[in-house]
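> Could you build the full structure based on these sequences and the hints that come with them?
Take 1 as the starting number for the sequence shown in the numbering used here and just add one per residue.
In short, the hints are calculated from the structure, not lab data. Where a beta carbon is used, it is the ideal one built from N, C-alpha and C, also for glycine. Be aware that a few hints might be false.
Taking lysine-lysine and the DSS-like style, the derived pairs with C-alpha atoms no more than 27 Å apart in a straight line are [said to hold, decoys possible]: (1) 202 - 87; (2) 227 - 202; (3) 212 - 234.
Pair ranges (Cβ atoms, derived) [unchecked claim]: (4) 136 - 213: 15 to 25 Å; (5) 22 - 201: 18 to 28 Å; (6) 142 - 204: 39 to 49 Å; (7) 212 - 155: 35 to 45 Å; (8) 52 - 27: 25 to 35 Å.
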Amino acid sequence: MDVPVPPAFVAFDSRSQQSGALIEWFYGYPKDQPARYVEGGDFMVRMIPSYDREKGTQHNFRSASILTKALTDKGFLAEDGVEYWCKVLTFDALIGNTDRHQDNWGILWKGSADRRGCVSFSPAFDNGTAMGGEIVEKNFVKFNDSAYVMHYINKGTHHMKWDSRDSARLSHADMLVRLSAIYLEKKDMMLNSLHFNMDELKYFVETLTKFKVPSPLSEARAAFILKLVGFRQKFLIDTIERQS
Numbered sequence: 001m002d003v004p005v006p007p008a009f010v011a012f013d014s015r016s017q018q019s020g021a022l023i024e025w026f027y028g029y030p031k032d033q034p035a036r037y038v039e040g041g042d043f044m045v046r047m048i049p050s051y052d053r054e055k056g057t058q059h060n061f062r063s064a065s066i067l068t069k070a071l072t073d074k075g076f077l078a079e080d081g082v083e084y085w086c087k088v089l090t091f092d093a094l095i096g097n098t099d100r101h102q103d104n105w106g107i108l109w110k111g112s113a114d115r116r117g118c119v120s121f122s123p124a125f126d127n128g129t130a131m132g133g134e135i136v137e138k139n140f141v142k143f144n145d146s147a148y149v150m151h152y153i154n155k156g157t158h159h160m161k162w163d164s165r166d167s168a169r170l171s172h173a174d175m176l177v178r179l180s181a182i183y184l185e186k187k188d189m190m191l192n193s194l195h196f197n198m199d200e201l202k203y204f205v206e207t208l209t210k211f212k213v214p215s216p217l218s219e220a221r222a223a224f225i226l227k228l229v230g231f232r233q234k235f236l237i238d239t240i241e242r243q244s
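Okay, structure coming up:
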């Protein structure tokens, strides 16, 4: 999908006998130039005086896009900021991430703060509230019904609203529809990011079941993850393609 994400590693803590995932942080490497990371929430509270940092209910794309445009216009941003958001929000829609909150994205400043191209967005880190992780295995059987799967998928929302004044968050699909309508030049890129090879993903996910740790990814959950991603992939492609 060409979405920047930090490396993740299967890990086991021999002291606590717990297995889990270790996520590599994305700055502060020994030979890197000095960097300063600013969380998205820091910008939100500056842009919206009444912003509730704890609840994040005013977290919205419009403010993020204003920030993106300001950084672009000043020449600070080293990447296409609109493309970043389109890719990350497409990725979140595909995996069903409901918790890309204001502190799960941010801005990385490298070197001089007034130098052109000194700013980049963080990779898409902390993607744990996704892939149907809240569904216990005994309930997987319910997802044998395609209508039930689509009902579940349609309930998924981004953490972001479109505007801080909106009463509700946008569904995963509705966010992509709006993005592809407003940023028409990014529509093909969004579609291309969704046209990945499911067989390659299947191989990768099934490999995760073979790690020798006390609590490996079960084969049943691996199959469940692949089912959800497959349904979402087709649904999101169809939804974006219908957007004229």
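> Please list, smallest to largest, the hint numbers that this structure does not respect.
Those not satisfied are hints 3 and 6.
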